[in-house]
Each structure stands twice: as structure tokens, then as C-alpha cells.
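S.K.: Chains as they are written, first to last, in my numbering: chain P, 1282 to 1406; chain F, 92 to 212.
Hints in this document: simulated from the structure, not taken from any laboratory.
Just so you have them, the derived chain F footprint on chain P, three or more residues with Cβ under 8 Å:
#1 1309-1319
#2 1325-1331
#3 1356-1366
#4 1394-1400
Computed from the model, here is a short list of chain P residues facing chain F with C-beta under 10 Å:
#5 M1303
#6 R1304
#7 V1335
#8 A1336
#9 L1352
Everything numeric in this text was worked out from a predicted model, so none of it was measured. Note that beta-carbon positions come from the ideal geometry of N, C-alpha and C, so glycine has one too.
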Amino acid sequence: MSYGEGSPRPASGFELWSWFFMRISGLLLVFLVLGHLYIMHILNSVEIIDYNFVARRWANIGWRTYDWVMLALALFHGANGIRVIIDDYAHRPGWRTFWLALLYVVTFILLVLGTVVLVTFPFPA
Amino acid sequence: MGLYRGYRGSQGQWAWMLHRLSGVGIMLFLMMHIVDTFLAGFGPQVYDHVMALYRAPLFMVLEVVLVAGVVYHAVNGLRVIVIDFWPNALRWHKPLIVAEAIVFLVLFIPAAVIMLGRLFG
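Extracted from the complex, chain P is given alone in its bound form:
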């Protein structure tokens, strides 16, 4: 009988660390992401957000740090969730390897893209 709880806590090893990571990052992301949504979509909106808005926000290193922590946690939380889904549904070894490899490559590229823009975006003179 499923009560809709998460996956049972694994006994040890990588899966145990993954299980704890999902709970801890999830808890942090509740605050980081709901805070982000509140600021960007409720207080502000896509009608206001443009290059100057981003430049003013990223003039503050605190917001860059906030965004990078959120980027890394959300990306790894999401990628780990997709990994579990691939394990659940992709049974043929070749396809499983293909999907996992694609996931890891895309995740790595996105982490690099997000990090590069946060680090290299110019500070106001």
C-alpha cells in the first residue's frame, strides 16, 4: 500500500547519500526557490525584468551567491530526480546508459553556463 511517501531510505553507500541529499537540498530549495519566485514573479514580473534589472541585482554579490547556491542545488536535485526516474523506467542497458550519459553531460554543461555568467557578469564601474 502506497501512502505517497518518498522512496524508502537506502541502507548505505551512494544511494543513502543521495537520499539525504534530496531531503536536505529540497528543504533549502523550499526557501531559495519560493523566495526567488516571490521576488521575481510576485513583487516584480517578466514585464519588469530586463538586462538592467539583472545588472542592478547582480551588482550585489549577495544575490550572485544566492543565485549560485540555488543553481547548484536545484540542478543537482533535479538531475538526481531524473536519474531515479531513468533507473525506474529505462531497463534496457544500452538505453539506460544513453539516457544517464545525456543527463550527466547536460547537467555539467548547464552548471558551467550558470556559473560562468554569475562569475563573469560585469560589476558596475
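Let chain P serve as the given structure and place chain F on it in line with the hints.
M.R.: Quick look at chain F alone, frame taken from chain P:
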């Protein structure tokens, strides 16, 4: 796995399935969002052009769907964490689901009203 769950469908299974669906949807958006944010590094012309796409009415409606997905994923995830670390909470399985629905509506309805109000106002 079919969407139809028939008599086996309990609130828990629906909650679990919605958690996966919302998670995958949020991940797809996140991938796009990282790329669009990366484009800010190419200067105002490029970034403002990309942001203009998000102001299309279709995207502003999808934005509300995104917020619903994130709020659901967050609230349901908190319920899962409660059950993980305090299994006795399963004695209040149904009340927990009801509480989750109430918290979701309390957070989502005002947000949807504000966001859709902008679109139609």
C-alpha cells in the same frame, strides 16, 4: 505506466505521480532558464530580446502553471520529509494530504490572482 490508475488510485499514489510530473516539468524549465540567464552575459540586446519572448501571453500563462508546479512540489516534498523522519505521521495520512492541499491553495491562489491580474488587467 498509464495515467489511469483505476481502483488502485489512492491520494498517496496521485501525490507521488504529481510529484514526479511537476519535478520533470520544473527541471525542463530550469534547463531553459539557465540558458536564458546565461545569455545575459551577451549584453542588453540579446537578453532583452529573450525576455520579450517570456512576455507573450502564452508564456505568462505557462508561468502560472510553473508556479503551481513549484509550490506543489515544495509542499508535497515537505510532507514526504515529515513522513520520512517521523513515520508515525502516517497515522494522519489523510489529514496530512488535506493540510497539504490547504497550504498549496493558500500559497498558490493569491500568486495566481496577482499574476493573472497582470495579464488581464
